[in-house]
Amino acid sequence: MTPTLHILLAICLAPALALVLLLIPSRARSLREALAVVAATANLGLVATTFGQQSRIELPWLGTSFDLSLRVYHTASFVTTAAAGFGLLVTLYSLPFMRKHSAHGAHYALMLLSLGMANGAVFSNNLLLLLFFWEGLLGTTYGMIAIGHAGAFKTATKALIISGITDLCLMLGIALVWAQAHTLTMTNLRLPLEGMAPAAFVLLMIGAISKGGSMPFHSWIPDAAVDAPTPFMAFLPASIEKLLGIYLLSRLALDLFELTPQSWLSTLMMVVGSVTILLAVLMALIQKDYKRLLSFHAVSQVGYMILGIGTAVPIGIVGGLFHMINHAMYKSCLFLTGGAVERQAGSTDLASLGGIGRKMPITFACFIVAAASISGVPPFNGFFSKELVYDGALERGTIFYLVAVAGSFLTAASFLKLGHAAFLGPRDKKNDGVREAPGAMLFPMLVIAGFCIFFGVNNAFPIDQLIVPMLPEHLIAEARSAGTHFSGWPSNPTLVAMTAAALLGALINHGFGVKLYGSGLHAADHIHDSPGLRWVYDRAERRWFDPYELFMRGSAYFAQAANKIDRANDWLVVGLGRLAQFASRGVRAAHTGNTSAYIVWSLIAATFIVIYLGQ
Amino acid sequence: MTEPSLILAAILIPSLGALLLPLIGAASKRARNAIAALLVLGALAANVALMPSVFGSSQIVEASLVGLRLVADRLAVFVGATSSLISLIIVIYSFDYIEHYDHQNEYYLMVVLFLGSMMGLVFSGNLILLFIFWELTAIASWRLIGYFRKESDVLRANKAFLVTVFGALLMLLGFVMLWSATGSFDLAEIKSHLSGSPISDVALVLILVGILSKSATLPFHTWLPDAGVAPSPVTSLLHAAVLVKIGVYVFARLFVVNFAYSNFGHTLVLVLAAASALVSAGAALIETDLKRIIAYSTVSQIAFIFLGLASGTTIGITGALLYILMHGLAKGGLFLCAGIVEHQTHTKDITRLGGLRHQMPITALSFLLCALSVMGVPPLGGFFSKAMVIMGAADAGRPWIAATFVVGAIFTILYLFRVFNRVFLGESASGAHPREGSRTMVGSVAALTVLSLVAGVAINWPGKLAELAVTQMLGVVK
Amino acid sequence: MSGELITLYVTAIVLVAVTGLYYLLVTTSLIRAVIGLELVTKSITLGLILAGRLTGKVGLGQALAITLIVVEVVVLVVAVGLILLAHRHTNKVDTRDLRSIKG
Amino acid sequence: MNDAIVEIAMLVTFVLMALWAVLATKLLRAVVALAATSVLVTLLLFRLDSPLAAVFELSVCAGLVSAIFLGAITLTQPENEAEVAVSAKERIRRYWYLPPLLLLLGVALLQVALPDVPTTAAAADDVRKVLWTSRHLDLLGQITVLVAGAFGVIVLFKEARKNER
Amino acid sequence: MLTLFVLVPLLVLLLLNISWRALPRIVPQAAVLVLGFADVVFGLALPTLPVNSEIPVLSELHFGLVADDLTRVFLVSIGLVICAAAFVNQESMTTERAHRNFCSLLLVSLIGMNGAVLLSDFFSLYVFLEVTAIASFILIAIERGIFAVEGAFRYLLLSAVAAMFMLTGVGLMVFTIGDTTFSAVHESLTIANGSPLLLKMAVGIFIIGLFIKGGLVPFHGWLPGAYSSAPPGVSVLLAGIVTKVSGIYALVRIAQDVLVSDPSLSMILLVAGSASIVVGAIAAIGQSDLKRMLAYSSISQVGYIVIALGAGTELGIVAATFHLFNHAIFKSLLFVDSASVESRLGTTDMGKMGGIGAKMPWTGTTTGIAMLSAAGIPPFSGFWSKLLIVLALWKAGREGFAILAVVASVLTLGYFMVMQHRAFFGKPSTQLDSVKEASAGYVVPAVVFALITVLTGVFFPLLKDSPLSFLLLNKGLSW
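Protein chains in written order, with my numbering: chain G, 1 to 615; chain F, 616 to 1093; chain L, 1094 to 1196; chain S, 1197 to 1361; chain B, 1362 to 1840.
There may be inaccurate statements among the hints.
What the hints assert, rightly or not - No farther apart than 27 Å at their CA atoms in a straight line, the calculated lysine-lysine pairs in the DSS-like style are these:
1. K1185/L / K1354/S
2. K644/F / K1720/B
3. K1788/B / K963/F
4. K154/G / K963/F
5. K1756/B / K806/F
6. K1788/B / K1713/B
7. K430/G / K100/G
8. K288/G / K515/G
9. K1797/B / K765/F
10. K429/G / K515/G
11. K564/G / K963/F
As the list claims (entries may be wrong) - So these bits of chain L aren't anywhere near chain S, every CB distance computed over 12 Å:
12. S1095
13. R1192
14. I1194
15. K1195
16. G1196
Quick caveat, the hints were computed from the structure, so don't treat them as lab data. Positions of the beta carbon are idealized from the N, C-alpha and C atoms, including for glycine.
All chains should be modelled from the sequences, with the hints used to inform the complete structure.
This is the structure we're talking about:
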């Protein structure tokens, strides 16, 4: 199969099959499901086989200045394979979950479309083509959230508006890049950071991190967690969007722009990363709903990746990228467990759950593995990527490192609270009937949990084989010359000690909270009620700090002002007509009908003419 | 059929044919409808027939009407084909829409005459001929806006007519200034006479007033939302596809192809366009009448086209030409959907509408897709034109103007989704259970939506045409 | 013809013309207005003949005067006819009745 | 020298007759005053060697015009004595400032010194020849005017029939 | 040969009135139509006719008549408007007697106008203008209504004042150069040692008289009253051609032959013209009576003609003549339409008309065409003449007046919009259901004039260079 056909199939096969799936009548549900699984596996197969190939395709697309240029290379293959993998697993997972759902076909079709779009975005070598696929995801996200339940379209619109705004910033960024370099082919773009470039970098960064779901563009994810179907949460916000967002961020930092540790942009990225880590995890701590808690963690983990790449130091970057793939794994696994709990126990509200660990042992086991990975407990993958990020952050500034560690401490605390409240503790009578989730749902959880363990214990494979080749040569050479080795046990023992201390602290805090309030659910209330945070938390719950609400209120004021200008303009135009009417009344009044008056007018005018002629 | 006779055919078939419609209409309604569609199809066919020779080689076809020169270059054929295509769909749509209203003969006469004068304007190479067809469209749109003959409708029609005529007269003064400077009204002669030196700022401003009043940009835009009272095929014809495009086309014909103009002119147009985009987008966010919202949206989108044209960069102008096509298709679709909604529920007030998704699925889907195209969301065509226009602006060294227009685009998303959610999603309004529109109406809406989608996915075909047109316009003839 | 005499003639003509015009403007009776008109015509006839006399074109002056007199008589007849019509409607010949066409 | 005085007297009485026509309280007297002015114009015309015009003026203006006015006055039965008294006071209020205005204007005009004009022999061109040779068009005009006048009489003067009242 | 234009109507007039009883009703009507049509045909074909060949019997009579392009335009316009007036009169004149007198008076005004247009002497111009004026007084008052009398009497008084100015002018001419023909005055004005000041004053005073007769703004008091109170046929005649011949023809003649491009005259014409345009348009906006609004519109349009003359260039005169011809056509068309509306509804008050466009389609369409032509909207003839006026003014360096002329046509469109909105374009009210389309007498002239407007408008660019350009358009015009 020629490389061109290979890559085109990778992009177009999934969407084509999605359209076919839509044509199948809704009665034949099993046929649809089968087609979905086949399509997902085919997609995985196609993408996986692109590993190791290096090729570029130029097709005429939009006039002379923009051609459909696609590029197959290591990073693209790695990211798309990961995405395809998660796609397949979530498809399997949603077979039982979505069987009874009304928009059954639409869910699978949109999922396959999203896969196609994601492949397209990653393989494209032209920024405009990337934007084409990037914004395509806008429509599919809107669709998948909107089919959640009748009122879900509000959240869907919110998601669409937020990503729409940031995608437009991305478009503006691309426009500035075009203005600076007059080409959009990514391979030959290498912009120094002067003139328009910093503005372009910031705008492109906004596009990337908003897709990744970091602050301040995060506020649709917690709402979607409640409204959208769980497979969507496991599929897009948890894995695909993180992969795409951080992929683009890494391409920006590494290839398109010459980002150096000294430039203010890298500090900006680090600040954004650390702020996201801290605020999101604080919010996660106080959540009372299983999926909302997980969604806030999704937002906070992205902070680590942005911090990692923001350090612009090889070790930090490798840490960020490694964290990207690790997070995709354990976050989707956690959401899957959440889905299982929701399907089996009927609700995700922690107050009504409790003690179902014994009833759903496998789910509980997967939960433990995933929770441990996210908290950065040593043998699992989360620990290693976080250590690398800590190392990079420490190198650039201790404040970032401290925030990162505090983030881990709070993450661990919140997951202890979640695990205790949901799975351990006294079981309510109504949960007695709870049985273990069906096999099709358990299998993806187990696979991902397995990978978490594998990537943790044998981290040399992912780092050396997958992540390091993503870096440009000069960074690799710099790292090798400095003798740092990324894989294996972290070199800096103090970091490890600090992490262990943070985890122990979380455990003690949880024990203290449980003893204080008697149940796992309220284990973190003492933090919730502490004087300073109390006021902030109340406001946050009422969406005061939600940038989306602020923006909407601002736009309402702007609309009022614009409307006033419009009405004033209209009044002016109509006013001219009224002025003419008024003048006409004046002129008509002058015609009194008195003949001698008319004669007098004529005589006066005659004298003027005669005098004028006289000169 | 030699090329010159093709141009004359494109103009005369609809114009003169329209005059016969009332007579045929007296005989039989169906014959009149069919002939009206045939006349518009004739114009479209002539345009398409011109395409191979004009786009194939770089020669410009010339003819003469009443002793004045006609010119068919790539820009003319591109805009002509777009307008006649969209008008054809609108005429077919209006078969069912106008069914049970009176004055139908006058309606079809004016619509086809409107298209005829649009063709004349597109191909005219002489300023006076251009002005004649410009005013002919003003007359036709006056009669069409006042079609329902209600007191408020006629007043609005008068307002629209007076504002456009006022602008046109100032433009005529601008033409007279050019005439007194160069001694002729013929575009080619003026261009050779000026030979590159920019035209005086006063003449520029005068001509701009005419163009801005016709294409409803900020200071003169208030007549466009008011013209929403017209029957919806007319509003879609006027607002989306053809009338407002006239102003933009003439701007391209005068200021991009033939005359150079000072930097002051560039900044003036860009600032006015930016202001118009923002103000009308804001106003659309407040409005509660369905058609007025879409009309304000047109005012805002036209500003984008001006942004592309006035940026002066190749990519900006190509984007503007694409924008004319994409916006025509998408906005035409939006208005026809609004027409179906109004036709079935007899109300345009979005506060009293809701949950129509269940009763009118196809219309809802078409509305969503057309709205996405107007917003510039891929895979629909609108994305490319918006991206290229903004890139054109940035390339012309005006990042802040580009940023303002991005804010405008953001507001486009806001108000279009506000309308979509309020009308089609949410709980259905009390008591009303409207049925789906009639077959031809929904068919034409679906046609426009599919065209937008196809234009988006297969962008290289329209993209190629626009590219060729721009190279010819800027004199870099390949 | 001595200079002083010519000025006398011109003064007389102007005075009579002004009187006639004044009469036309100020009176409220239609008939008096027409009389004013006649006065002005007389002064102009005299003026024409004087102009003819001064430039030796007496014949031309007389020809013009004769035609003028004929034309003015017919105008007078029509004016009186209109006055009678007005009288038939309003039973009095008052200019204030003929002021209803306004605006 | 003596004929100059006669002319001056004629001019002065001409102006006075005009003034009388304006100030006359009774309409009849005004018409008589008008006829008088017409007679004086005739005399002045004789002085200016244009006899034909003078005769025309006398017969048409003095005669025909006065006849028409008298007819108009009788047809319209103007106000009786009581109304004349009332309107007399009002007329004074309106016209009192005409005589001083004329005086002022006359004095101003008299200051203007016009140059002497040598009058050539009067009989240079005979009016009949002039009228006939160079003014044919005016004759034609006069005929048309008279025809128009005839129609005027037919249309305006005819007694309104019963239905038109 | 030219004298036939005046002699033949005179003879026909006398014949008609001799044997009155015997003639059936339509003979006078037919006579007027034939003479009017003759005017048009001979006007068009004038250059081909043997102009100065003598008539056998009246060989020694020479009336000093002369004809050039300007005269031909007027002859055609006079002929057309007379026919239209005759048509309208046939429908609207009630009593038998009024009808017969109307035709005779129509012939009188035809003679007066034909004569005025052909002569070349100031005093005879005064005589023939008085002929037309007298005919108009009688025509206005022909139906003996009190309003008609008031209109006629006011017109008479103002016309008398105009006559005074003209005669003083003639008197001064006789005093200065002893001759009153155009050519004589022109020579003495142009030769160096003449005393041009007094002569220029004489011509100036004569022109004031013409301003009054033409109804320009400070002198226009009589015009609205005369037009609106006259019977329908008469208002067509007056508005169509009488005011223009008696006022504007002489101005154009003087501007062309006597005071050629004289700066002070140009300034007077410009000021008077622009005043008329603005005041006429503004006054017309608020009118509620249709005929009165059309009267003010006439003042405004005549203002356009005079402002074109004010340009003082060859192109200016061409533009003025062409606009005059167009205005004659679409103004009489508008008055014919108002007559047909009046015949059906019995009133010209626009408040009571409410959307009769639907009921009277022909009248509605022709009014629409005339209105758009008056406002200078392209496809119709009015646009070309307004364009010529603007070009002439711009070429003559009078940009300010050109801008005023252009912007004022928005006012023109404004008051016509008011008319359309209240009378034709709205929704027909219930009591108008019985209204049918006007009778043939109204519709035929209306359609003919509408056709002329449209054809002149559409084919003007071709007309410009064709030999048929009797509208003397081929002078100094490039585009």
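**Request:** Check each numbered hint from earlier against the structure, then list the numbers of those it violates in ascending order.
**Result:** The structure breaks only hint 12.
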